[in-house]
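Number of protein chains: 2
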Amino acid sequence: MIKAAIFDLDDTLYNSTELSTHARRSAIRAMIDLGLPVTFEEAYQVLTEVVKEFGSNYEYHFDQMLKRLGIGQHTKLYVSAGMIAYHDIKFTNIRPFHDAIPTFISLKKLEVKIIILTDGDALKQYEKILRLRLQDFLDDIIISEEVGIRKPNPKLFELPLQRANIQAREAIYIGDNYERDIVPCMKLGMRSVLIHRGGKYDQAKLKKIQKHPDYELTDLKDLIPIIKELNKKE
Amino acid sequence: MIKAAIFDLDDTLYNSTELSTHARRSAIRAMIDLGLPVTFEEAYQVLTEVVKEFGSNYEYHFDQMLKRLGIGQHTKLYVSAGMIAYHDIKFTNIRPFHDAIPTFISLKKLEVKIIILTDGDALKQYEKILRLRLQDFLDDIIISEEVGIRKPNPKLFELPLQRANIQAREAIYIGDNYERDIVPCMKLGMRSVLIHRGGKYDQAKLKKIQKHPDYELTDLKDLIPIIKELNKKE
Numbered sequence: 087m088i089k090a091a092i093f094d095l096d097d098t099l100y101n102s103t104e105l106s107t108h109a110r111r112s113a114i115r116a117m118i119d120l121g122l123p124v125t126f127e128e129a130y131q132v133l134t135e136v137v138k139e140f141g142s143n144y145e146y147h148f149d150q151m152l153k154r155l156g157i158g159q160h161t162k163l164y165v166s167a168g169m170i171a172y173h174d175i176k177f178t179n180i181r182p183f184h185d186a187i188p189t190f191i192s193l194k195k196l197e198v199k200i201i202i203l204t205d206g207d208a209l210k211q212y213e214k215i216l217r218l219r220l221q222d223f224l225d226d227i228i229i230s231e232e233v234g235i236r237k238p239n240p241k242l243f244e245l246p247l248q249r250a251n252i253q254a255r256e257a258i259y260i261g262d263n264y265e266r267d268i269v270p271c272m273k274l275g276m277r278s279v280l281i282h283r284g285g286k287y288d289q290a291k292l293k294k295i296q297k298h299p300d301y302e303l304t305d306l307k308d309l310i311p312i313i314k315e316l317n318k319k320e
Numbered sequence: 087m088i089k090a091a092i093f094d095l096d097d098t099l100y101n102s103t104e105l106s107t108h109a110r111r112s113a114i115r116a117m118i119d120l121g122l123p124v125t126f127e128e129a130y131q132v133l134t135e136v137v138k139e140f141g142s143n144y145e146y147h148f149d150q151m152l153k154r155l156g157i158g159q160h161t162k163l164y165v166s167a168g169m170i171a172y173h174d175i176k177f178t179n180i181r182p183f184h185d186a187i188p189t190f191i192s193l194k195k196l197e198v199k200i201i202i203l204t205d206g207d208a209l210k211q212y213e214k215i216l217r218l219r220l221q222d223f224l225d226d227i228i229i230s231e232e233v234g235i236r237k238p239n240p241k242l243f244e245l246p247l248q249r250a251n252i253q254a255r256e257a258i259y260i261g262d263n264y265e266r267d268i269v270p271c272m273k274l275g276m277r278s279v280l281i282h283r284g285g286k287y288d289q290a291k292l293k294k295i296q297k298h299p300d301y302e303l304t305d306l307k308d309l310i311p312i313i314k315e316l317n318k319k320e
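Protein chains in written order, with our numbering: chain A, 87 to 320; chain B, 87 to 320.
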């Protein structure tokens, strides 16, 4: 009996990678408009390197980009312009993937709890959840920074189970990242769904793995017949 | 000969106090909509106290407000909701006072440099300047955090003079705060204009002071005939 569906947030419920790319490109254009003496392509290449090296949740991408470009003047002005453009794009364009809300509504009808479990900074993740207007659907929200445990540590995945007082086999986890989302579920005996979302889905890499997720989907709505089938059996 | 007009930013070039009040009220409404179990009036009173005690540029007003209200659950969710509402109000409604841009245009015609000198966090102050779209008018921007000197230290007011290579008597400073804006100008021999902007203008207090600003204005545009008159004499 599946009692809870636990979702990753970024690139599972909304198009994080695509949106960040769009926002970063807009940020560079804003800095160049203000006089940053580099070409768009040069800056974008350096920024992409910085994001790759420091991780996408690092606070000072634009500062580091300016350092690498050898810019010593007006740096805070450029960073400010970049951040305005970045956030304006991100927060006026953030919306759930087309299949997210319909799936949530179906889960509500089935009386399956809906939980978000995500890595990242608490304020930033809550901001995304609120701007995506997901909050009224959610039975629980677990954010790494708030609990001091990060993916792929299985202890993080145990938390929502404890808080909802359910067993691992009564939950199904849906995420887009094999190592960080699926592997810990397997360790706990929680059912797992790998959702294929554009940029991050690497078919070649997945072919080589030994232990596959329980399910692989391209549309979140296909989760509903799976849960119905599982709940019929028990 | 007046060669530069140096402006304070908050409550001189835009209505900072009014906008912050509006934004804070909206933030509290957003937190209550999410389930914060207090009345609007109770929360607003506590927030006002916090802002007064910690200063308006403090980072954690909402966190402190929640502590005082005795809220221990979902605090980061509430803070996030409050910050979204606060910033959305602030940055969709920020605009220069009606008299700011006309005055800047007249100053440009007179070939008087336009400089902003403001206290505060560099990224935040640049964000305001950029969102107000003032940047193309400005010959220099000086922000306390970037130079390590705060108002009312006269050394801060010497910086724009040094950078523009002009004397104190060749500059006129326009601000809304007697102690922080006008007093240091008097110490340096820079001409000073106190601009009366709603909330912060305290007539009773000003009557008691001994040494008055060179000018007191209610409309920034009245700066232009003053400069013209001063420049005629020399």
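Among these hints, one or two may not hold up.
Each pair may be met inside one copy or between any two copies, as identical chains are not told apart.
Distance condition first, Cα-Cα at most 25 Å in a straight line; then the derived DSS-like pairs of lysine-lysine [what the hints assert, rightly or not]:
no., residue 1, residue 2
1, Lys199, Lys162
2, Lys293, Lys194
3, Lys195, Lys307
4, Lys162, Lys241
FYI, nobody ran anything at the bench for these hints, they're computed from the structure.
Now for the hints, and whether the structure bears them out:
In this homomeric assembly, Lys199 and Lys162 come within 25 Å of each other (Cα to Cα) only across copies, at 22 Å, whereas the closest approach inside a single copy is 45 Å. Taking the shortest Cα distances, Lys293 and Lys194 never come within 25 Å of each other, neither inside one copy (34 Å) nor across copies (66 Å). Taking identical chains as interchangeable, the C-alpha atoms of Lys195 and Lys307 lie at most 25 Å apart only when both belong to the same chain, with a minimum of 13 Å there against 63 Å between chains. Proximity of Lys162 and Lys241 under a CA criterion of 25 Å is satisfied inter-copy only: 22 Å between copies versus 40 Å inside one chain copy.
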